[in-house]
Structure formats: structure tokens, C-alpha cells
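Undergrad: Heads up: the protein sequence lines correspond to chains A and B, in order.
Numbering of the first sequence is given in the working numbering, commencing with residue 1149 and proceeding in unit increments.
Numbering of the second sequence is given in the working numbering, commencing with residue 3 and proceeding in unit increments.
Heads up, a few of these hints could be off.
Straight-line C-alpha distance at most 25 Å; calculated SDA-like pairs for lysine to any residue [claimed, not checked]: (1) B:Lys117 to A:Glu1231; (2) A:Lys1158 to B:Ser15; (3) A:Lys1325 to B:Thr126; (4) A:Lys1158 to B:Thr126; (5) A:Lys1174 to B:Ser20; (6) B:Lys4 to A:Asn1156; (7) A:Lys1187 to A:Leu1167; (8) A:Lys1295 to A:Gly1305; (9) B:Lys117 to A:Ser1245; (10) B:Lys146 to B:Phe119; (11) B:Lys146 to B:Arg56; (12) A:Lys1295 to A:Tyr1331; (13) A:Lys1325 to B:Ser123; (14) A:Lys1158 to B:Ala16; (15) A:Lys1317 to A:Ala1240; (16) B:Lys146 to A:Ala1328; (17) A:Lys1285 to A:Gly1201; (18) B:Lys4 to A:Gly1305; (19) B:Lys4 to A:Tyr1331; (20) A:Lys1158 to B:Thr22; (21) A:Lys1317 to A:Ala1328; (22) B:Lys4 to A:Ala1165; (23) A:Lys1230 to B:Arg56; (24) B:Lys117 to A:Ala1234.
The hints are simulated quantities; they were obtained by calculation from the structure and are not laboratory data.
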Amino acid sequence: MYAFNYQNPKSVADAAAALSKGGDAKLLAGGQSLIAAMKLRLSAPTDLIDLGGIAELTGIKVEGTSITIGAMTRHAEVASSKEVQARIPALASLAGSIGDRMVRNMGTIGGSLAHNDPVADYPAAVLGLDATVNTNKRNIAADDFFKGMFETALQTGEIIVSVSFPVPKRAAYIKFKNPASRYAIVGVMAADTGKGVRVAVTGAASSVFRVAEMEQALAAKWSPDAVAGVSVPAGKLNSDMHASAEYRAHLVTVMARRAVAAAQ
Amino acid sequence: MKISMTVNGKPVSAEVESRTLLVTFIRENLRLTGTHVGCDTSQCGACTIHLNGRAVKSCNVLAIQAEGADILTIEGLARPDGTLHPMQEAFREHHGLQCGFCTPGMVMSAVDLVKNFPDPSEETIRAELDGNLCRCTGYHNIVKAVKAAAANM
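Modelling step: build the complete structure from the supplied sequences, incorporating the hints.
TA: Written as C-alpha cells, this is what we have:
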């Protein structure tokens, strides 16, 4: 990778100040996507601002009927958290399915969401569970956060501090894994949030999306049969060496049925 | 920049570039070449070590991210008198390797696996080792070795 200046701020305020100093600075969270990209020279920031030393970004807190997870919380911590397992088992299970154990020991929820890889898992959790992304500047609703491939609503200098998940009535995440990378070829989070039904699909398109027709069908009756007849058009879905757009469209319905069946 | 950490129980420090990978620091600065670079793209797991008690892929971590950390490599598993760690002994007993290239990473990953799953089923072992690739063995004896070691740990 190309050389860069390394900074190690101890607070979010210091990190934001470092970001605003100019140059082409990037935040380093778990590094599991960023370092790999920098090694391939797909990313070449002039400055790397390491969030790993900022204590206020870690921790899992239960607050009434929601769970707030610090942006630097590792996937392994979310997966093994007794609080998350008890209240939002779908989220613990999703976190435990990311990559492999070594990747989960370093990768973070904040890094995953800020990166918004089209085949990442956390976007389906945030969109499907109607979470709120809390930054150093504002709180962003899930429906407003994901803009496109590797693109989010985050502005320059904006840092994710935590993510708040309302506890759903029931939810499940089922993904069809790429057998080599374990990324989602298609991953579906189906949730009855208590404020409505949400079905979020990742891996299939340029960014995570909801399937309104499935949500309406499930609101009438929560059953796998309700979504069995609903298919998404293949037109906007990804086609690559792992799966054609048509196969991904097929998988969306299959994974949705399985997620609804699994959500108790 | 100067970095300091504990590696296999001993304090070390060195001058490195900020872009130096942890695996490079371990292999080239510290001359601990038991940790291997297989794919260099964080898929194969041959570079697996323990950072603050957790298995990580050292080819996908910067050395500076390990500042102040407690690092354990394959060289630090056996006892000072040479007695093999139960996981190493199990790999020997159950022929869990052929060429041996994936083995240090496989052993380090398996030790972490058993710490998290003290009595793992075969299914759990196969699933939890999915970050470690072996081209020689077909995994059967690796799984047997991990199962046997778990019983002795």
C-alpha cells in the first residue's frame, strides 16, 4: 500500500478535527475492508485516522426498548452479547455470520455501515430493523442512510458514533452465502418491528433495499406463504460471476420465505 | 514511527512505517516466521495470530494498530521446555497437516475456537474454521485434531 500519515485521536471531537485538516483522510475502524483495499491500492488516503483508541465509541447499552451499539463494537462482541441475544437474536446471529471469526474479531458495525458494501450484512439489519445511525452531527433514520453503492448519507467530517436498534416483536436474517467469501449473494432481514413490517434485502442490488409488496403481504399475514408469490424484478439486480440477476431475484423470494419462517 | 507491544510474553519495540502490516512486523522485524503469508488478501488465514487474546488475520492489521497489545504467535504456544500445546499435540497425533503451510494459522485459529466453544461439535468446528483454508488435507484430520484437543483443554 502507499504510505500515509497515521493519527490516533482519543476522542470523537479530536477525530473530527483531524478529518477536517484537509488532505485525503480516511477513518480507520476495524480495517477489514479498508486495509485490504489499501493493500490492492484501490484506496490510497494520505492520512489514516484510527478510531481504535476512542473509548466513547465502544459498548452495548440497553435503553428501554432499544439497544444502542457503539460504532467501534466488533462483530464478535455483538454476536456474543447476552443482551443482544436475548432481545434481538436476529442481530446477534447476523453479526455472527459476517466473514469469519478472525474478521469478526476486528470488523466493526460503524465501519461496515460507513463503507456500505453492497454485499455486506449490517445494512440489512439497520434497514430491516428500522435502526437509527447516530453521528457526531445528527441522528439518521435507516430509510435515509443508504444512498447507493459504497455511498451513504454521511457528510464530510461526519463520524458514526453509535447505532440504535429498537427491539422488534420478531425478526430473522437468512443469507445465501458466497461459499468462498461468506459475503451475501442475497441476504434478507424480515422483521415485525411493532411499528410495522420491514423486509430488507442486501447482496442483490447496488445497495440494500426494502420490498414493499412483501411487507404488505406479511402485514396481512405473517407466513412464508405470504411472500412465496412475490418476486422482485431482476432488472436492477447485480449480475456477476457468482450469480445472475435472475438467480438473485429467485433467491430473494427463497431467503424471504426462510426468514419469515425463522422469525418467531 | 515507534511501536511497542508484548510478543509471546516478551516486550518488543521497533521503528516501523505506518503502513507496515502486523504480519510483516512479526516475520521481518521480529524474525518469527512461523506465521505465514498465504493469500495476502485476508481469505486463507495462514497469518492468524492472537491479538489481546483474540484470533485475527495479521496480514489485514497494521502493526500500529497493535501498539501496546499482547500478541501470541505460533512460536509462543509450546511451553518453554518444548512441551507441545494440546492443540499442537493433537495435530501431530491425528495427522492434521501435510505440507504444513496452513498449520500455524489453523492451530492459532483452533485454539481461539476452543476458547469460545469448549466442547465443539464437528459441525461447529467446520463452520468456525471457515476463515482458514487448507489445500492439502481436505480438512478431515484437522477437524479430528481440534475435536481431540478440545477434550484435553
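Undergrad: Indicate, hint by hint, whether the structure satisfies it.
TA: Verification of the supplied hints:
| no. | hint | in the structure |
| --- | --- | --- |
| 1 | B:Lys117 to A:Glu1231 | holds (21 Å) |
| 2 | A:Lys1158 to B:Ser15 | holds (22 Å) |
| 3 | A:Lys1325 to B:Thr126 | holds (17 Å) |
| 4 | A:Lys1158 to B:Thr126 | violated (38 Å) |
| 5 | A:Lys1174 to B:Ser20 | holds (14 Å) |
| 6 | B:Lys4 to A:Asn1156 | holds (13 Å) |
| 7 | A:Lys1187 to A:Leu1167 | holds (22 Å) |
| 8 | A:Lys1295 to A:Gly1305 | holds (17 Å) |
| 9 | B:Lys117 to A:Ser1245 | holds (18 Å) |
| 10 | B:Lys146 to B:Phe119 | holds (15 Å) |
| 11 | B:Lys146 to B:Arg56 | holds (23 Å) |
| 12 | A:Lys1295 to A:Tyr1331 | holds (20 Å) |
| 13 | A:Lys1325 to B:Ser123 | holds (21 Å) |
| 14 | A:Lys1158 to B:Ala16 | holds (23 Å) |
| 15 | A:Lys1317 to A:Ala1240 | holds (15 Å) |
| 16 | B:Lys146 to A:Ala1328 | holds (22 Å) |
| 17 | A:Lys1285 to A:Gly1201 | holds (20 Å) |
| 18 | B:Lys4 to A:Gly1305 | violated (28 Å) |
| 19 | B:Lys4 to A:Tyr1331 | violated (36 Å) |
| 20 | A:Lys1158 to B:Thr22 | holds (22 Å) |
| 21 | A:Lys1317 to A:Ala1328 | violated (34 Å) |
| 22 | B:Lys4 to A:Ala1165 | holds (24 Å) |
| 23 | A:Lys1230 to B:Arg56 | holds (19 Å) |
| 24 | B:Lys117 to A:Ala1234 | holds (22 Å) |
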